[in-house]
Amino acid sequence: MRNTILWSLLGLVALLMLPWALPFVLPANEAAFWTANILGRALVFGIIAMSLTFLATYGGFISLAQMMVAGIAGYTLAILVDGAVPHILGGFGYGAAIPLGLLAATLMGLLVGAISVRTRDIYLLMITLALAMGVFRFIETNIAWFNGYEGIRNVVGPTLFGQDFRNPLVFYHIALATAVLLYAGILYLVRTPFGLVLQGIRDNPRRVAALGYSVGLHRIAAFGVAGFIAGCGGILSTIYNIGISPGSIGLGATVNVLIMSVIGGLGHPVGAFIGSLIYTVFDTFAATIYDRDRFNTLIGVVFLAIVLVSPDGAIGIGARLRRLLARRP
Amino acid sequence: MLEIRDLHVRFGQAHILQGVSLSVGARPMAIVGRNGMGKTTLCQAVMGLVAVREGEIALEGAALNGLPPFRIARRGIALVPQGRRTFPSLTVDEHLRLVARRGARWSPERVYETFPRLAERRRNGGTELSGGEQQMLAIARALLMDPKLVIMDEPSEGLAPVIVDHLITVLRGLSAEGMGLLLIEQNLRVATEVAEEVAIMVTGRIAARMPARELAENPELQRRYLGVATGGH
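Protein sequence lines correspond, in order, to chains H and Z. The first sequence stops at residue 329 when you use our numbering, and every number in between is there. The second sequence stops at residue 1233 when you use our numbering, and every number in between is there.
Okay, chain H solo, but in the shape it has when bound (with noise of 0.2 Å):
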């Protein structure tokens, strides 16, 4: 227990300081895009990815409504935040505007849990994914509300201590201390008594029930709680794209979530990381690598040979390589 606490200190420590490590090995105007390009991407769409995790790994639910529910918060900050292009409502500072995005996000993601409380497996899947392309497409078509196609422009984030948000080592540092906010977060919630119903729930929910607990209220918070760690990444990404349009949400980011969630594996929330990362890299890379225009050959070719060789994603290769290990004296 107290070596786990401290390797995980040293990984945090490392993370912190990897941009300063990152010139040693890379040429100075590289080591820069590694930082916001890479890494704080990976960061952004692995909180994303991890509020897929988090409602599969503990309640087993598969949502593919989360990068809709991201987008919420993205597009209430582009609302209702000063300086936005167009104006639509504005009169908010970052201060307020980014709260107003989180609480709509967990509104919707409680909104999304109550309406397919009933569902489960493949009918859960339909259900979310049919909410995500109702949103996608309302807002694709809304001009007054979200300018439609084109999407709302110039979300440049706030100053923070004289710094700009959007310089690559403050948007690096702030992304991982949401995401390590928010993964602790998670870590503690799953051995509340909450997080033991959910588990519960996913072993059993006959069984949770006849225990005392409303199964139904359960699930929707955990859709709720999901909603406010997309909401966190919706926030993030739109400033970090400075701004926000429907692609972001559309049915290509909706499978991309999915797809970094089942890379990096299911078992576990830090497998959203090790997947965002991972795709990440290919995503950047792609072009180098092979063709631009081959970039979802080469990412499905990963897919395929992460889940052929382990079906539990990137976490579960190590445990394999250890049991592998073991076996040959």
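None of these hints come from the bench; they were simulated from the model. Some clues are possibly wrong.
Just a sample of chain Z residues kept apart from chain H, beta carbon distances all over 12 Å, derived [unchecked claim]:
(1) Ser1021
(2) Arg1034
(3) Asn1035
(4) Gly1055
(5) Pro1068
(6) Arg1085
(7) Thr1086
(8) Asp1146
(9) Pro1211
Taking CB as the label site, the calculated pair distances span [to be verified]:
(10) Z:Arg1224 <-> H:Arg323: 40 to 46 Å
(11) H:Pro311 <-> Z:Arg1034: 42 to 48 Å
(12) H:Leu16 <-> Z:Ala1104: 42 to 48 Å
(13) Z:Ala1104 <-> H:Arg322: 38 to 44 Å
(14) H:Arg323 <-> Z:Thr1127: 18 to 24 Å
Computed from a predicted structure; not experimentally measured. Every residue gets a Cβ at the ideal spot worked out from N, C-alpha and C, and that includes glycine.
Following the hints, complete the assembly by docking chain Z onto the known chain H.
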């Protein structure tokens, strides 16, 4: 305490419970009967796990019909299901913390004192336990809910005789403390040694009700209702 009046349950064409009437008082009661007579369905109907179309179920005068299972559990009925149904992915300790409530008569600490075997295995998963340990865990989980009445569906099923003896001691202790007990059993020895009264279920009805000792001492009755020549098996 628990009052069941003219209870009917149907699964499609099958008429499983055909008008069960039963009242369970403070004294421990057992329901015995052969396989397929509707004993498990009766437990599930009381707990709200199967739909009840006709009849009434009331706990201390308050109707339970139509309530969802979690509300019935909160009214004070705990079910120890057949086959134990411990959670595969939770440890013993997590099972107990899942149901532990502040101010309840039973706490995880008291469970560990009563069942030292569980304390030794508190870090083990729910399916890494032996059958007897799983049964103790399922009973402990029910006790932590602070119930007025515990319904146990075949608690001795698949347990070694020495574990069954331990189970009988535990159940008698609970009953002596004033916990209401409704025991569904095929093992006549457990039923008659724990309960003071026995109801016999035949094809979805309560066919007879008698003091436990009478059934234990009367092979003729046992043969007629249960198809066994001597007590226990």
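Comparing the hints with the structure gives:
no.: 1; hint: Ser1021; verdict: holds (23 Å)
no.: 2; hint: Arg1034; verdict: holds (25 Å)
no.: 3; hint: Asn1035; verdict: holds (22 Å)
no.: 4; hint: Gly1055; verdict: holds (20 Å)
no.: 5; hint: Pro1068; verdict: violated (7 Å)
no.: 6; hint: Arg1085; verdict: violated (5 Å)
no.: 7; hint: Thr1086; verdict: violated (9 Å)
no.: 8; hint: Asp1146; verdict: violated (10 Å)
no.: 9; hint: Pro1211; verdict: holds (31 Å)
no.: 10; hint: Z:Arg1224 <-> H:Arg323: 40 to 46 Å; verdict: violated (58 Å)
no.: 11; hint: H:Pro311 <-> Z:Arg1034: 42 to 48 Å; verdict: holds (44 Å)
no.: 12; hint: H:Leu16 <-> Z:Ala1104: 42 to 48 Å; verdict: holds (44 Å)
no.: 13; hint: Z:Ala1104 <-> H:Arg322: 38 to 44 Å; verdict: holds (42 Å)
no.: 14; hint: H:Arg323 <-> Z:Thr1127: 18 to 24 Å; verdict: holds (20 Å)
Checked against the numbered hints above, the structure violates hints 5, 6, 7, 8, 10; every other hint is satisfied.
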